[in-house]
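Trainee: Protein chains in written order, with UniProt numbering: chain A, 1 to 339; chain B, 1 to 341; chain C, 1 to 351.
Be aware that a few hints might be false.
Claimed, not checked - With a straight-line Cα cutoff of 30 Å, these simulated DSS-like cross-link-like pairs (lysine-lysine) come out:
{"hint": "1", "chain 1": "A", "residue 1": "K273", "chain 2": "A", "residue 2": "K212"}
{"hint": "2", "chain 1": "C", "residue 1": "K321", "chain 2": "A", "residue 2": "K293"}
{"hint": "3", "chain 1": "C", "residue 1": "K24", "chain 2": "A", "residue 2": "K273"}
Note that these hints are calculated values from the structure, not bench results.
Keep in mind the model is a prediction, meaning the values are calculated, not measured.
What follows is the residue order along each chain.
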Amino acid sequence: MSHSATKVRRAVAVLALTVTAAVLAGCGAASSPSTGAAPNADRAAAAEGVSPDVNLDQCGKPARTVKHDLGTTTISGSPAKVVALEYSFVDALVAVGMSPVGVADDGQPERIIPALRDKVGEYKSVGLRATPNIQVITALKPDLIVADSGRHKAIYAQLSKIAPTIAFASLNGNYQQVLDSEMSTAIALDKCDEMKTRLTEHAKVMADLKAKAPADESRTALFVRASDKGFTGFPAKAYTPGVLEVIGIRSPLPDDSGEASVSLTLETLVATKPDVMFIAPNEGPTLRDTWAKSPLWREIPAVKNNTTFDVDPNEWSRSRGLIAAEVVAQEAVELLYGK
Amino acid sequence: MSAAIVAQHVRRTSLAQRYPGILMGSLGVLAVVLSFYSLSVGATDVSMTDVFNAVIGNTGDQAAQIVVQFQLPRVLLAWLVGIALGVSGAVMQGVIRNPLAAPDVVGVTKGAGFAGMLLLLAIPGMPVVAVVPAAFAGGLAAAALVYLLAYRRGATPVRIALVGIAVSAAFEAGIRFLLVRNPLDVSAALIWLTGSLFGRSMSSVLEILPWVLVLVPLIVVWSRRLDVLGLGDDLAAGLGEPVERTRRLLLLFAVALAAAAVAVSGTIGFVGLIAPHMARRVFGGKHVASIPAAALFGVLLMIFADMLGRGLAPPLEIPAGLVTAVVGGPYFLYLLVKTGK
Amino acid sequence: MSVDTAAQPAQEAVHQRPKIVTSKQRVTWVSLALLVLVVAGVVWGLSIGSQQISLSRLPGAIVRADEPDELIIQSIRLPRVVLALCVGAALAVAGALMQAVAANPLAAPEIMGVNAGAVFVVVLAITVVPSLSGAPTILLAFGGAAAAGVSVMLLAGSGRGRVSPVRLALAGVTASSLLISLTQVLIIFDENSTDSVLFWLVGGVNFAGWQDIRNLLPWLVLGLIGAFAMARSLNLLALGDDMARGLGQNVERTRMTGSALVIVLCGAAVSVAGPVAFIGLVVPHILRRLVGSSYTVLLPLCSIGGGALVLYADISSRYVKPPFEVPAGVVTALIGAPIFVYLARRQKVTS
Numbered sequence: 001m002s003h004s005a006t007k008v009r010r011a012v013a014v015l016a017l018t019v020t021a022a023v024l025a026g027c028g029a030a031s032s033p034s035t036g037a038a039p040n041a042d043r044a045a046a047a048e049g050v051s052p053d054v055n056l057d058q059c060g061k062p063a064r065t066v067k068h069d070l071g072t073t074t075i076s077g078s079p080a081k082v083v084a085l086e087y088s089f090v091d092a093l094v095a096v097g098m099s100p101v102g103v104a105d106d107g108q109p110e111r112i113i114p115a116l117r118d119k120v121g122e123y124k125s126v127g128l129r130a131t132p133n134i135q136v137i138t139a140l141k142p143d144l145i146v147a148d149s150g151r152h153k154a155i156y157a158q159l160s161k162i163a164p165t166i167a168f169a170s171l172n173g174n175y176q177q178v179l180d181s182e183m184s185t186a187i188a189l190d191k192c193d194e195m196k197t198r199l200t201e202h203a204k205v206m207a208d209l210k211a212k213a214p215a216d217e218s219r220t221a222l223f224v225r226a227s228d229k230g231f232t233g234f235p236a237k238a239y240t241p242g243v244l245e246v247i248g249i250r251s252p253l254p255d256d257s258g259e260a261s262v263s264l265t266l267e268t269l270v271a272t273k274p275d276v277m278f279i280a281p282n283e284g285p286t287l288r289d290t291w292a293k294s295p296l297w298r299e300i301p302a303v304k305n306n307t308t309f310d311v312d313p314n315e316w317s318r319s320r321g322l323i324a325a326e327v328v329a330q331e332a333v334e335l336l337y338g339k
Numbered sequence: 001m002s003a004a005i006v007a008q009h010v011r012r013t014s015l016a017q018r019y020p021g022i023l024m025g026s027l028g029v030l031a032v033v034l035s036f037y038s039l040s041v042g043a044t045d046v047s048m049t050d051v052f053n054a055v056i057g058n059t060g061d062q063a064a065q066i067v068v069q070f071q072l073p074r075v076l077l078a079w080l081v082g083i084a085l086g087v088s089g090a091v092m093q094g095v096i097r098n099p100l101a102a103p104d105v106v107g108v109t110k111g112a113g114f115a116g117m118l119l120l121l122a123i124p125g126m127p128v129v130a131v132v133p134a135a136f137a138g139g140l141a142a143a144a145l146v147y148l149l150a151y152r153r154g155a156t157p158v159r160i161a162l163v164g165i166a167v168s169a170a171f172e173a174g175i176r177f178l179l180v181r182n183p184l185d186v187s188a189a190l191i192w193l194t195g196s197l198f199g200r201s202m203s204s205v206l207e208i209l210p211w212v213l214v215l216v217p218l219i220v221v222w223s224r225r226l227d228v229l230g231l232g233d234d235l236a237a238g239l240g241e242p243v244e245r246t247r248r249l250l251l252l253f254a255v256a257l258a259a260a261a262v263a264v265s266g267t268i269g270f271v272g273l274i275a276p277h278m279a280r281r282v283f284g285g286k287h288v289a290s291i292p293a294a295a296l297f298g299v300l301l302m303i304f305a306d307m308l309g310r311g312l313a314p315p316l317e318i319p320a321g322l323v324t325a326v327v328g329g330p331y332f333l334y335l336l337v338k339t340g341k
Numbered sequence: 001m002s003v004d005t006a007a008q009p010a011q012e013a014v015h016q017r018p019k020i021v022t023s024k025q026r027v028t029w030v031s032l033a034l035l036v037l038v039v040a041g042v043v044w045g046l047s048i049g050s051q052q053i054s055l056s057r058l059p060g061a062i063v064r065a066d067e068p069d070e071l072i073i074q075s076i077r078l079p080r081v082v083l084a085l086c087v088g089a090a091l092a093v094a095g096a097l098m099q100a101v102a103a104n105p106l107a108a109p110e111i112m113g114v115n116a117g118a119v120f121v122v123v124l125a126i127t128v129v130p131s132l133s134g135a136p137t138i139l140l141a142f143g144g145a146a147a148a149g150v151s152v153m154l155l156a157g158s159g160r161g162r163v164s165p166v167r168l169a170l171a172g173v174t175a176s177s178l179l180i181s182l183t184q185v186l187i188i189f190d191e192n193s194t195d196s197v198l199f200w201l202v203g204g205v206n207f208a209g210w211q212d213i214r215n216l217l218p219w220l221v222l223g224l225i226g227a228f229a230m231a232r233s234l235n236l237l238a239l240g241d242d243m244a245r246g247l248g249q250n251v252e253r254t255r256m257t258g259s260a261l262v263i264v265l266c267g268a269a270v271s272v273a274g275p276v277a278f279i280g281l282v283v284p285h286i287l288r289r290l291v292g293s294s295y296t297v298l299l300p301l302c303s304i305g306g307g308a309l310v311l312y313a314d315i316s317s318r319y320v321k322p323p324f325e326v327p328a329g330v331v332t333a334l335i336g337a338p339i340f341v342y343l344a345r346r347q348k349v350t351s
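Use the sequences and the hints to build the structure in full.
Mentor: Given below as structure tokens:
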């Protein structure tokens with residue numbers, strides 16, 4: 001039975017498997033997900049709070065060329081019918097007094113937060129954010145489509161055939177990227193002045209909220225999503241912690257991992273020592289309910305100080321917009337300082 | 001599905017074997033009619049008139065026309081993927097001489113899935129277009145690995161099937177590893193893994209077209225050799241067939257077809273398994289008839305799955321791979337009972 | 001060389017070198033080695049984590065936990081280690097039982113669709129009724145595991161005695177892939193937490209709490225005792241249906257009881273830890289090589305060996321992507337898949 005030839009073949013096969021495994025491990029090790037470009041967060045910008053990358057010089061032109069994450073797109077006239085493929089783009093529309101004709105709302109309209117809902121009015125659901133229905137979008141005959149640069153990269157070409165399409169980081173976008181995308185969207189909509197006014201107002205709202213917080217606030221606040229089998233923390237550079245930082249509350253999670261979110265166990269949570277916790281729970285029982293029974297839960301400073309708050313995942317996590325940021329900051333100030 | 005029922009009924013009267021041309025023709029017509037009908041199905045109202053106008057290039061309702069234009073590549077892709085998977089499955093079942101063999105079984109699907117995921121997840125900046133050649137290479141590599149591992153003084157059919165399952169499991173493990181290491185875009189990855197024609201355009205059609213155009217006719221020409229292989233290794237060798245070489249080449253063709261299909265549509269399951277069955281049941285074991293028939297049944301399944309996925313719960317899209325699994329799963333179980341007797 | 005034909009009963013296929021009896025000495029050594037492995041693994045598992053905690057705290061933590069460090073060991077690391085042992089024991093014993101009942105070396109819960117069935121039903125339930133969790137999901141998991149496993153067995157074998165390994169594997173893998181696609185689509189439409197997604201696709205014990213153990217334990221004890229009690233019947237079954245009948249065995253009853261135990265063990269394990277892969281295939285296989293195939297020895301050792309494998313998989317999963325943790329199922333899948341390939345290659349195949 002055991003030929004030397006079969007032995008060789010077996011060896012080759014084993015080698016092939018090993019190489020596959022090695023390649024796999026190697027590729028895994030080499031990957032370090034990087035999300036978008038937002039290096040200019042700190043630099044002072046022309047429009048209030050917006051980074052200099054945004055081409056404000058296009059404002060007011062009849063045909064405006066908008067730089068976005070998947071290229072540049074020229075939009076002429078004033079788009080009236082807009083399809084938003086993420087909640088944060090609904091936010092941008094409402095910020096300049098417009099309303100979308102179509103929204104990728106996952107078939108769950110209640111995910112559009114109250115602060116926007118009344119101003120949004122009637123719209124057509126275009127399906128899941130992950131797989132928006134191209135047919136429905138087409139039928140809406142939009143003048144502009146605003147897409148997520150990660151999620152909708154593969155269908156960007158098709159969307160562009162329907163209407164001029166601009167794409168920004170929303171799902172993995174941080175606070176700065178969101179402000180920039182709102183301004184860029186406004187340029188595309190020919191609503192520059194409205195957005196500039198709104199951004200100034202936004203800066204003032206945030207400054208007022210920051211003023212309500214004590215200047216020497218040294219507590220750290222962790223924002224987490226809780227689900228039945230997960231407790232996901234967001235590091236400093238993610239959207240929600242970015243908003244909290246504007247009003248002077250830092251995240252206890254270090255920003256060195258390069259990850260957009262971090263899966264926490266009770267032990268890592270205890271080690272993180274958050275002074276405050278904002279928890280956005282999914283429907284149904286979550287890990288938090290299980291952990292709350294453990295004596296260790298009470299060792300977390302946020303629990304000890306009684307500064308653990310349940311917040312709405314739609315407002316705090318899914319919306320990722322300018323108006324949503326004000327809602328988040330407002331709620332944080334109310335919860336923390338009772339003002 | 002009604003096609004299968006009709007076809008089965010016809011088989012009982014054994015008309016099919018006597019007049020294969022007529023039945024094949026009517027299956028083809030059915031597929032074409034279903035394709036046109038499916039162009040009008042979806043979340044918005046598109047009338048058949050709009051479809052007709054759009055296809056012949058008349059300017060009717062603008063929006064309806066655009067709808068059809070986006071739908072058309074999907075329908076074309078459903079044809080090509082259906083043909084590729086159906087023919088690939090028919091060849092594999094012929095070569096492996098096991099009615100339960102399919103592209104899913106010899107590792108192609110999972111290998112292609114793994115390679116595609118590797119690109120989608122591990123290398124973030126990768127252009128989407130690169131997924132296709134990667135998945136294709138992955139599918140081929142997995143099949144080669146299966147063949148290599150199954151080879152012991154010739155690769156017996158059953159061993160190929162068994163090793164194929166195991167190697168598929170290994171790639172599945174790799175897929176999970178990638179998912180866990182790069183959890184950000186899980187939902188996009190899952191949609192790709194379930195298999196869907198969502199958002200596909202003409203470029204996907206062009207990517208799979210050459211493979212189908214070259215390999216399918218070649219396989220049809222070789223269908224007599226498949227019949228000879230079906231007689232068993234000894235008899236086939238006695239008839240002067242270079243058994244191992246023919247088997248390798250045919251498997252290579254089948255694998256290439258399946259890999260091309262997975263590369264453009266994700267891992268759509270069961271089509272390669274059940275289309276050849278329906279074909280054999282209706283047209284009998286002669287491959288010259290059963291291979292084109294498997295292609296047609298593949299097309300019918302794919303069009304049906306894509307249409308149902310679009311029309312069932314608009315505006316939500318149900319991945320075609322789920323529909324084929326839900327339709328194919330029970331059929332497969334029925335087959336198991338059938339072949340067990 | 002003997003020729004494997006359909007008439008030749010099962011034991012040929014299950015153990016290609018049948019040696020029912022192994023020297024007692026060898027069994028003792030293997031048991032000792034496993035115990036040492038488990039003890040070392042427990043200590044290792046208790047000592048790693050994001051907090052540096054000295055091992056000298058261990059005894060204190062187990063007796064009474066007051067300080068944070070002791071609490072971490074007592075309420076996080078200890079349940080995690082214990083759950084790993086329990087889940088491993090359940091899945092490995094279920095695998096051995098399944099191989100005996102199906103007279104098939106490739107029968108294992110993950111290959112036969114049992115795990116996929118349990119996961120699908122649980123995910124379906126928590127998607128439709130989000131308030132469900134804990135104990136009721138175990139019962140649902142039983143339903144899913146039973147439906148999937150029984151249909152695969154019946155369909156592959158059509159109720160006859162011996163089923164070819166290929167048919168069984170093909171049937172099981174196909175049923176699994178159907179169930180997994182269904183589960184994936186449920187997850188896609190739910191658009192919820194990534195962690196939950198990964199848990200239900202991969203399985204692990206990262207978030208183990210004492211509650212999980214309380215949910216699992218009664219079923220585990222029931223399953224293990226049942227399995228150990230039927231070891232002798234399983235040995236007779238391995239001689240083939242006719243022989244076993246001749247020796248006064250009720251073959252059908254043995255199969256039914258064995259299958260029921262498999263479903264209890266797998267359903268319970270999967271509902272608390274997700275579909276941790278390949279334990280039921282790998283552990284019985286390795287141990288059979290070491291101590292022979294007498295189920296009186298094999299089953300208890302499987303319960304220890306399975307626990308050890310999940311425990312070490314869980315420990316090494318923390319090194320996959322530090323400082324984050326990944327579910328242990330990833331590691332067991334990467335270990336198990338090559339062994340599956342090896343086993344598949346080794347099958348004597350008659351076409």
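Trainee: What hint numbers does the structure not satisfy?
Mentor: 3
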